[in-house]
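Which chain is which? The protein sequence lines are A and B, in order.
Numbering-wise, UniProt numbering puts 22 at position 22 of the first sequence, and it's gapless, one number per residue.
Numbering-wise, UniProt numbering puts 719 at position 719 of the second sequence, and it's gapless, one number per residue.
The hints are simulated quantities; they were obtained by calculation from the structure and are not laboratory data.
Among the hints, erroneous ones may be present.
To be verified - Listing some non-contacts, in silico: residues in chain B with all C-beta distances to chain A over 10 Å:
hint, residue
1, Leu30
2, Asp331
3, Arg550
4, Pro603
5, Gly637
6, Lys730
Claimed, not checked - Pair ranges (Cβ atoms, derived):
hint, chain 1, residue 1, chain 2, residue 2, range
7, B, Arg172, A, Ala3, 38 to 44 Å
8, A, Ser39, B, Pro751, 51 to 57 Å
9, A, Trp24, B, Ile762, 35 to 41 Å
10, A, Ser28, B, Asn265, 50 to 56 Å
11, A, Ser28, B, Met226, 19 to 25 Å
12, B, Thr131, A, Gly15, 33 to 39 Å
13, B, Gln449, A, Gly15, 27 to 33 Å
14, B, Arg423, A, Ser39, 45 to 51 Å
15, A, Gln30, B, Ala56, 22 to 28 Å
16, B, Arg562, A, Ser39, 46 to 52 Å
17, A, Ala3, B, Thr131, 51 to 57 Å
18, A, Thr25, B, Lys120, 18 to 24 Å
19, B, Lys120, A, Ser39, 17 to 23 Å
If you're wondering where the values come from, they're calculated on a predicted model, not measured in any experiment.
Using N, Cα and C, we set each Cβ at its ideal position, and we do this for glycine too.
Residues per chain are reported as follows:
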Amino acid sequence: MNALVFLVPAALALGLLGLAFFLWTLKSRQYDDLDGAASRILFDDLPRKDNKP
Amino acid sequence: MTVAAGYPEGLAPGQAGLSRAACAHCAAQLVPGQGEFCCTGCAGAHALVRGLGLDAFYRRQETAAGTLRPPETLSTDFAPHARDAGKGVQELDLIVSGLTCGACVWLVEQALAAEPDVLKARASLSTRRLTIAWRGTPGRANDLAGLVARLGFKVAPWSPACLRATEDAEGRALIRALGIAAFGAMNVMLVSIAVWVGTDMEPETRHLMHWLAALIGLPTVLVAGMPFYRSAWDAIRAGRVNMDLAVSIGVLATTLMSLSETFRNGEYTWFDGATSLLALLLAGRVLDRAMRRRARQSMAELLALQEGTVALCLADGTTRNVPAESVRAGDVVLVAAGERLRLDGTAEEPLLLDTSATTGESLPREIPPHTLVEAGAVNMGAAFTMTVAAAAGDGSLAQLARLLERAEQGRGRFVSIADKAARLYVPIVHAIAFATFLGWWLGVGVSWQAALVPAVAALIVTCPCGLAIAVPAVQVAAVGALFRRGVLVASPTALERLASADHAVLDKTGTLTEGRPELIADDTLDPGVLRSAAGLARASHHPLAQALVRACPEAPAIAGVREIPGKGLIRGSARLGSPAFCGLPDDQGSGMELVYCVAGQPPAVFRFADRLRGDAGEAVAELRELGLETELLSGDGAGAVEAAAAAAGIGPWQARATPADKAHRIESLRASGRHPLMVGDGINDAAALSLAHVSMSPGTGTDVAQAASDIVLRAEGLTALPAAIRVARKAQALARQNIVFSLVYNVVAVPMAVLGFVTPLIAAVVMASSSIIVICNALRAGKETSA
Chain A
1 MNALVFLVPA ALALGLLGLA FFLWTLKSRQ YDDLDGAASR ILFDDLPRKD NKP
Chain B
1 MTVAAGYPEG LAPGQAGLSR AACAHCAAQL VPGQGEFCCT GCAGAHALVR GLGLDAFYRR
61 QETAAGTLRP PETLSTDFAP HARDAGKGVQ ELDLIVSGLT CGACVWLVEQ ALAAEPDVLK
121 ARASLSTRRL TIAWRGTPGR ANDLAGLVAR LGFKVAPWSP ACLRATEDAE GRALIRALGI
181 AAFGAMNVML VSIAVWVGTD MEPETRHLMH WLAALIGLPT VLVAGMPFYR SAWDAIRAGR
241 VNMDLAVSIG VLATTLMSLS ETFRNGEYTW FDGATSLLAL LLAGRVLDRA MRRRARQSMA
301 ELLALQEGTV ALCLADGTTR NVPAESVRAG DVVLVAAGER LRLDGTAEEP LLLDTSATTG
361 ESLPREIPPH TLVEAGAVNM GAAFTMTVAA AAGDGSLAQL ARLLERAEQG RGRFVSIADK
421 AARLYVPIVH AIAFATFLGW WLGVGVSWQA ALVPAVAALI VTCPCGLAIA VPAVQVAAVG
481 ALFRRGVLVA SPTALERLAS ADHAVLDKTG TLTEGRPELI ADDTLDPGVL RSAAGLARAS
541 HHPLAQALVR ACPEAPAIAG VREIPGKGLI RGSARLGSPA FCGLPDDQGS GMELVYCVAG
601 QPPAVFRFAD RLRGDAGEAV AELRELGLET ELLSGDGAGA VEAAAAAAGI GPWQARATPA
661 DKAHRIESLR ASGRHPLMVG DGINDAAALS LAHVSMSPGT GTDVAQAASD IVLRAEGLTA
721 LPAAIRVARK AQALARQNIV FSLVYNVVAV PMAVLGFVTP LIAAVVMASS SIIVICNALR
781 AGKETSA
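Same shape as in the complex, but just chain A (with noise of 0.2 Å):
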């Protein structure tokens, strides 16, 4: 019984950091180009600059 006193609102407390951190990633966009991300991962590259102004 005391074990609930620190167990449920740590899970709680976890679940909200999720549910916060999904709200984050939905308000940054991140799910407007799915199939982009999917392939972006695979881009090592930086882009090149040969003659900087």
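The hints should help you fit chain B onto chain A, whose structure is shown.
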């Protein structure tokens, strides 16, 4: 092919490392005699990609053959579309067609980032939207867009229509609700399982658990259920009953009952059922919306590529490209050869116009001077100046758009199968639940709180879940399968209407036929002559010249060709043009032939025709097999229509049909109780399209026709049409099966709930299993049918 000349050192195309059978840039099949590339555009694009040091592209690229072939010129002026983002930074949004894979995104972004003044270039693969930011003048927009075009992608300014299709505030709200509901459901379940398995739990501990569940469940139900409550409220205000009303009442009643059980420390609360029901239904909603958004985006993309600018003549004699919306009545615009008119107007000179989009006639027509010509026609003659008669907002196209809007509202009355089921289901289930409550309270004599439990259990076990997911799941699977075949379904009820269509009315020009002139194969033509004529024709944008190039794509471009607008092309003694231009008597005046003559040789005559699509006959036969009567309705002359009807195997046909005739025919079909499917591509078909039971237009159709249609066939050819009908019918059958299945399930589950045998655990199992079965059944709609 001689394009290798003029390459920078080390960039000769022999190093591409691809087999000789395919173009080294766009991977299109090569015709024997071609070197490494299918066209000069691809050779240029390949040089550009290698010159930037980005040849890793070819190792990543997996693209459909031919989609990367660069256009010859950039037709739009992008500078007016750049917007000032402050501090000397300009931004431009483009829609990039042909962006098919990650490699394309990578190439476009890298190529732009290599430009010294570009600050940001970001392409979205889902929406095909490219955002470029650079420091400098708006004029750079054309260079940057040109760079993307030279890589082989089609670019167009990002239009408001694209934005409407992409910026989906409602969709984002749905995803948010889904996230909240999923969080709530999982955490309530954490508490609920403890109550279910903890049979030796003290009543005080159980009470605490119930309060915890209420603490999580209440806000979740209130926030995540909003999309359903709103839709249900709209339905009530309109005096209708829909599935969302059943869902809303079920969820809210369950929550209230659970709250009452929490207060009196009953054995179980039902917050888990309410929240997981919401999460499951929202997941279905989100998928459904994403699928339809993809179709809408593809349609917006097709339309954006058609949009263009007009060349406004300024007082000082120069021209400037401006968007058609900004031109006012009385302005003078220049219409180039082969350009589509975007505004109504009059010209001072006689014109040769292809009016197939507005009237359906396949042969170009001579228009006398000072006649009002309507937007949509294509200039087949020389460039001319035109005095604009009405601004875009008042012209013939805008009037038509307003008519279509009115027709669209009329079609909103269609009742989908899900709503039909809801009309039956909602009153019956709620009557049963109410009777259960009264029976336990007054009949058996338990307290009203206790009587509430079996009543609400009956509500939740009848599970709007299976029923509410039964139809959307089928729709998602079927719309997705059609999308992969190039059939874009825009309207939510289009599939159901398509399944019930029993009469097909087809347009001729551009629908049954290809809608562009093609060379008529003629064995007497010397291939060598064709080759040299096509080489000459490469210099011109005239539709007939381009048709000649299409007939002989391997012909190399010839330098030093001079075009005499409206007449023909000259190089030395060689001439290509109208019969009169080459000194022959103009026998028919049809405007559908070109003559090629060289001094000392007999002239060669190339005849062109608007050819029937290769699969037209097959598609019509399949339609008949599916039980649809077909008829042909065209604005073209009787001879051409009869020939096309005979070739395609269509029985009844009507020629010289005006737009009003077509609309009238559709109305009379509907009045006689039939469900006509209208297939058309022209502005003249739009009224008929919007009046029909269900309407389709090919992807090459005019924007007005596509806007008036429920379904757009992006794939080339007509066989997608019967295939779409088959998928729609299968989907409809599966939706019916699902509804019947849900009803059978309820017949078993409801008596159990009414008698009070159902605990939250049983309800959860029943709900989840019925949903899974319904979803699995729906997935069959996406399977490719062998027939």
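Taking the hints in turn, this is what the structure says about them:
1. Leu30: 28 Å, holds
2. Asp331: Label holds. Min Cβ-Cβ 39 Å, cutoff 10 Å.
3. Arg550: Per Cβ check, Arg550(B) is outside 10 Å of chain A; nearest 32 Å; holds.
4. Pro603: Label holds. Min Cβ-Cβ 54 Å, cutoff 10 Å.
5. Gly637: 47 Å, holds
6. Lys730: 27 Å, holds
7. Arg172(B) with Ala3(A): 38 to 44 Å: 40 Å, holds
8. Ser39(A) with Pro751(B): 51 to 57 Å: 53 Å, holds
9. Trp24(A) with Ile762(B): 35 to 41 Å: For Ile762(B) against Trp24(A), whose Cβ atoms are near 38 Å apart, the range 35 to 41 Å holds.
10. Ser28(A) with Asn265(B): 50 to 56 Å: Roughly 44 Å apart at Cβ, these two residues miss the hinted range, so it is violated.
11. Ser28(A) with Met226(B): 19 to 25 Å: 22 Å, holds
12. Thr131(B) with Gly15(A): 33 to 39 Å: 36 Å, holds
13. Gln449(B) with Gly15(A): 27 to 33 Å: Given range 27 to 33 Å: holds, Cβ gap about 30 Å.
14. Arg423(B) with Ser39(A): 45 to 51 Å: Roughly 46 Å apart at Cβ, these two residues keep to the hinted range, so it holds.
15. Gln30(A) with Ala56(B): 22 to 28 Å: 26 Å Cβ-Cβ, so the 22 to 28 Å window holds.
16. Arg562(B) with Ser39(A): 46 to 52 Å: Check passed, 47 Å falls within 46 to 52 Å.
17. Ala3(A) with Thr131(B): 51 to 57 Å: Because 52 Å falls inside the window, the suggested range holds.
18. Thr25(A) with Lys120(B): 18 to 24 Å: Given about 21 Å between the Cβ atoms, the range holds.
19. Lys120(B) with Ser39(A): 17 to 23 Å: The hinted range 17 to 23 Å holds for Lys120(B) and Ser39(A), with Cβ atoms some 19 Å apart.
Going down the numbered hints, you'll see the structure goes against just number 10.
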